[in-house]
Amino acid sequence: MATYSVGQARRARAARIRSNRPLRDRLANTGAFILLIILAIIWIIPLLWTIDTAFKPEGETTIVPLTWFSAHFNVDAFVKTINSTSLPTWYFNSFITSAIITILTVILSSMAAFALSRVPFRGRGILFWIILAGIMIPGTVLIVPLFTEMQSFGLVDTWWGIILPQIASPIAVFIFKQFFDGIPHELEEAAIMDGASRWRVYWQIWMPLSRAAIAAVAIFTFVISWNNFIWPFIVITGNDMMTIPVGLATVQTSYGIRYAQIMASAILACLPVLIVFIFFQRQIVQGIAGTGLKE
Amino acid sequence: MIPEKHGALEELAAKMRAGRISRRAFLERSVALGLSSSAALTLLEACASGGPSASGIPTGTHLVYWNLFGGGDGVRMVQMQDDFQKAHPEINLEAITLAWGEPYYTKLAMAAAGGRPPDVAISHMTRMPPFAQGDLLDPFDLNALAKYDITASDFLAPIWQRGHINGQLYAVPLDTHPFVMYYNTEIAKKAGLLDASGNLLPINGPDAFINALKKAQQVTGGYGLAFAINGDVTNWRVFYSLYSQLGGQVLSPDGKQLVIDDNKALQALSFMDDLTQKSKVAPATIDYGGAIALFASGKCGFFWQGEWEVTTFQTANTPFNMVPFPNIFGGGQCQADSHTFVLPRQASVDPARREASYLFISSLLKDSFVWAHGGHIPAYLPIATSQEYKNLKPQSNYAGVAANVVVDPTAWFSGSGSEFESVVSAPIQASFQGQLTPQQALAQLKASVQKLLNTPSPV
Amino acid sequence: MSDISIQEQAAKAKAQTGDVLARTRANRWRVDLAGYGFLLPFLIAYALFLIWPAILMLRMSFFNWSLDGHGTTDFLGLANYGEVLSDPSFWQALWNTIVFTVISTPALVIISFILALLVNRAIPAKGVFRTIFFAPFIIPVSVVTIIWSWLYEPGFGLINGTLAEIGIQNGPNWLTQPGLAMIAIVILTVWWTVGFNFVLYLSGMQQISRDLYDAASIDGAGGWARTRWITIPLLGRITLMIVILQIIASLQVFGQIYLLTAGGPNFSTRPVIQYIYESGFSTFRVGFASAMSFIFFILVAVISAVWFSILQRQQRGNN
Chain A
1022 MATYSVGQAR RARAARIRSN RPLRDRLANT GAFILLIILA IIWIIPLLWT IDTAFKPEGE
1082 TTIVPLTWFS AHFNVDAFVK TINSTSLPTW YFNSFITSAI ITILTVILSS MAAFALSRVP
1142 FRGRGILFWI ILAGIMIPGT VLIVPLFTEM QSFGLVDTWW GIILPQIASP IAVFIFKQFF
1202 DGIPHELEEA AIMDGASRWR VYWQIWMPLS RAAIAAVAIF TFVISWNNFI WPFIVITGND
1262 MMTIPVGLAT VQTSYGIRYA QIMASAILAC LPVLIVFIFF QRQIVQGIAG TGLKE
Chain B
1456 MIPEKHGALE ELAAKMRAGR ISRRAFLERS VALGLSSSAA LTLLEACASG GPSASGIPTG
1516 THLVYWNLFG GGDGVRMVQM QDDFQKAHPE INLEAITLAW GEPYYTKLAM AAAGGRPPDV
1576 AISHMTRMPP FAQGDLLDPF DLNALAKYDI TASDFLAPIW QRGHINGQLY AVPLDTHPFV
1636 MYYNTEIAKK AGLLDASGNL LPINGPDAFI NALKKAQQVT GGYGLAFAIN GDVTNWRVFY
1696 SLYSQLGGQV LSPDGKQLVI DDNKALQALS FMDDLTQKSK VAPATIDYGG AIALFASGKC
1756 GFFWQGEWEV TTFQTANTPF NMVPFPNIFG GGQCQADSHT FVLPRQASVD PARREASYLF
1816 ISSLLKDSFV WAHGGHIPAY LPIATSQEYK NLKPQSNYAG VAANVVVDPT AWFSGSGSEF
1876 ESVVSAPIQA SFQGQLTPQQ ALAQLKASVQ KLLNTPSPV
Chain C
663 MSDISIQEQA AKAKAQTGDV LARTRANRWR VDLAGYGFLL PFLIAYALFL IWPAILMLRM
723 SFFNWSLDGH GTTDFLGLAN YGEVLSDPSF WQALWNTIVF TVISTPALVI ISFILALLVN
783 RAIPAKGVFR TIFFAPFIIP VSVVTIIWSW LYEPGFGLIN GTLAEIGIQN GPNWLTQPGL
843 AMIAIVILTV WWTVGFNFVL YLSGMQQISR DLYDAASIDG AGGWARTRWI TIPLLGRITL
903 MIVILQIIAS LQVFGQIYLL TAGGPNFSTR PVIQYIYESG FSTFRVGFAS AMSFIFFILV
963 AVISAVWFSI LQRQQRGNN
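Residue numbers (our numbering), protein chains in the order written: chain A, 1022 to 1316; chain B, 1456 to 1914; chain C, 663 to 981.
It should be emphasised that the hints constitute simulated quantities derived from the structure, not laboratory data. From a predicted model like this one, the values you see are computed outputs, not experimental measurements. Possibly wrong hints are sitting among the right ones.
On the chain C side, residues computed to face chain B include the following (Cβ under 10 Å) [what the hints assert, rightly or not]:
{"#": "1", "residue": "His732"}
{"#": "2", "residue": "Thr735"}
{"#": "3", "residue": "Thr824"}
{"#": "4", "residue": "Glu827"}
{"#": "5", "residue": "Gln831"}
{"#": "6", "residue": "Tyr875"}
{"#": "7", "residue": "Asp876"}
{"#": "8", "residue": "Ser879"}
{"#": "9", "residue": "Ser941"}
{"#": "10", "residue": "Arg947"}
{"#": "11", "residue": "Val948"}
Across the chosen pairs, the derived CB separations fall in these ranges [to be verified]:
{"#": "12", "chain 1": "A", "residue 1": "Ile1147", "chain 2": "C", "residue 2": "Arg975", "range": "15 to 23 Å"}
{"#": "13", "chain 1": "C", "residue 1": "Trp757", "chain 2": "B", "residue 2": "Ser1841", "range": "52 to 60 Å"}
{"#": "14", "chain 1": "B", "residue 1": "Glu1549", "chain 2": "A", "residue 2": "Leu1295", "range": "30 to 38 Å"}
Ideal Cβ positions, reconstructed from N, Cα and C, are used throughout, including at glycine.
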């Protein structure tokens, strides 16, 4: 069959197999689906309680026994949180800082990981361990010297004061490196043979292939930087520079129990991140199926 | 000039001082109000921005103020801040609310050590000593304070004294917030614990108290009393109140020696053990929120906590009243702390800002009737003794305890939210929950405090 | 598109050129330059904001350094280190940390793997499942602990309340029984953070070609066999990464324990990081806390290195 390519033959065969998938596999899929539904229900119950509480009147959030239903569901808690706080300003600060942190982290760490994975330079091994060691340092105590350092740079109470200490992420480097190590060498060797510089290889071959890894790292970085409390709390003082966790902490840690407001503020705080996740998770799916050896 | 126009002119003058209207606008409007143009010009000279204002503080002075009040307290604090800003437009108040808890003090310490602290800040009275001894605070100038109606006679002697370190005043108290008892009026009535006018009958001694709780328990079918145990400092507050009623001390006045009276401590711990383990009138494994929920829903008759939960139960429409923490052992003490104003140490003091700080503190103290709504006892006696405050129920019911409260022992490691409170609460919790006997709990408590005493002080 | 696959093309190319480029001396420098060039931006940020503060922290550990700026010249030599190592509270905290790590790491790795396997199948509504399992990760720790302290509330909490409905009257005291509290914390942690590993595994699984599974099917391999002989080995690198990251993260646990049990009951759940935090921020003893941090860092590094070599050997064996 001279007109058939090897690839076509393989694809045809696969298609035949898929359509004749044994009953056993179909049953397994159904079983998996049911199991997933059960797990998903268990997983979602605490979240549902959060949402349920946010819409209750404050006086009903501490009734014993706990009830899901209320006769007086309302949006008071949300309105109160929005009115009594500088939520829009905090959203803005959080978004700017988290977005910049995410972008810079992805760029810096993927470049570093590319070098560690693909460029056989001297000192590569030691540098990898030095970078990995960074994950093992307990960050809590670093805050004190870091603050002094930011003071001497004059970056206290600035966006860059929030951003800069968070862009060097050894975890991101590690994740990228592991993904890169899994991609075969043939791809870039073909390109290098064609005369491409390493930078072009990085930019035009690697980055597109690593969409899944980029999406994963971007999501984590965004979530973690968004929820970071202690560093922005220490380095920021002005009301107009506060990020969401810092600002909302005053709602969430006040005397007196105000569960509806706490939950409402939590939902308002998490919404942007949820949207970011939903957008990025499509990227993970669309991440190249297969190892890039498409035919 | 007729009064309304006088008022309008005052307002214009204030705006002028705050730099909010131009000279030309001022002239035009004051003439429109009926002032002759020459009089208007004279007034303008006097009010031109940068000149002295009614308070004598230059217009446009910036005042930075840190506090840790969110929630209901936050609302009241904001109101007092607004009252101040309205009365003194010449001062540009920048009030920053930070999260309550440990990070607040870390941040305050680092800011003061690093040289860019706020002009005035809130601090718990019990957290102030290490700050003062660590050179992070400036002492108050008593003469300057007196100019703003803040003198020793405006406060109860014990509270005023507490703000002093080495003879200098470092903290001006805003309030005292004691550990109190809440009770459900309907349950207490059904249990026969109220007198004719609906007040709690006097209960004398530990046995009588347990009996009263048992009666309440019969009414609720659940518990007689609830208070936070799991992971909470309430453990310490209960113990300390009861132990102090017996006349016990924990540390020597210089904060260097452990002076716990074992017998008295065991007496207190045994009574506490009775509550949760023997008579089982109170739940043993409940946390802060759970105890509130129980009381709010009428599942227990009595509730022990700081007074700050008053608005919580008002919101939940629980029928309740508040009284001082029960005097079970006779001394009448209860644990408390105070919120105070402190002056973080400035690298170089700006006299205008320092003056504005004093004015600010004075204004808030005079306005602290607003603050009292949250349950706190105003420290400023002109407010605390006012009829207005006395009419505020149930908040004023326990105001009398202010003179007799006990605060956490003075030591560098002590104070609200400190390591001290954490290491003493843990064995007490274990005793409440039956994992340790009172004797074992006491032994662990003493060992932990001794360990802290042996630790080299970082201040 | 040519008849020959890229694979075959590249193999030919390799045979022709080899890695000759990298071998010449002039090119050695070029290679080094390229390597460091790519690394430089990261290294600068890393040195400035992680290494330098870490060095400062190390310096603080030799003094009676206080948060209020005092004691910076009060040289103690190794006294802080001696104090840490002879402090029973430190050893208890270390024990708690290790217990937590030993329980939570397998749970977080295995459960996330199973979830990824399930979601990776040919089932509907994948996106919904992905979102549900990942969503808790988005929630900040303060809210997570508020939610779970209500779930765990003895008596009327959702968990014990449900147990009562099905007949188990006196439900366990989740947060106040010394042995049980750690389990309760692990359950919370799994719910909260399994999404991280789950997404990583899912990304890795996406990279495995369907053809491999289909080929195995033809050869008669069942579902479990396909997982055992294709999925697991091909995810070896990802698993190594997840396990190492998880061990390190578990060793550094802090927020959820601090907020849920305050390290109790009676310090039976207090992890090392909490003790460091309390020493430094509550009692102002930054020097002491720094010494503890450094000792702990060494421990974490040793544990991670041991696991890294074990797993790497295993993975090489698979290949």
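For this session: List, from low to high, the hint numbers that the structure doesn't satisfy.
Result: Those not satisfied are hints 2, 3, 4, 5, 6, 7 and 8.
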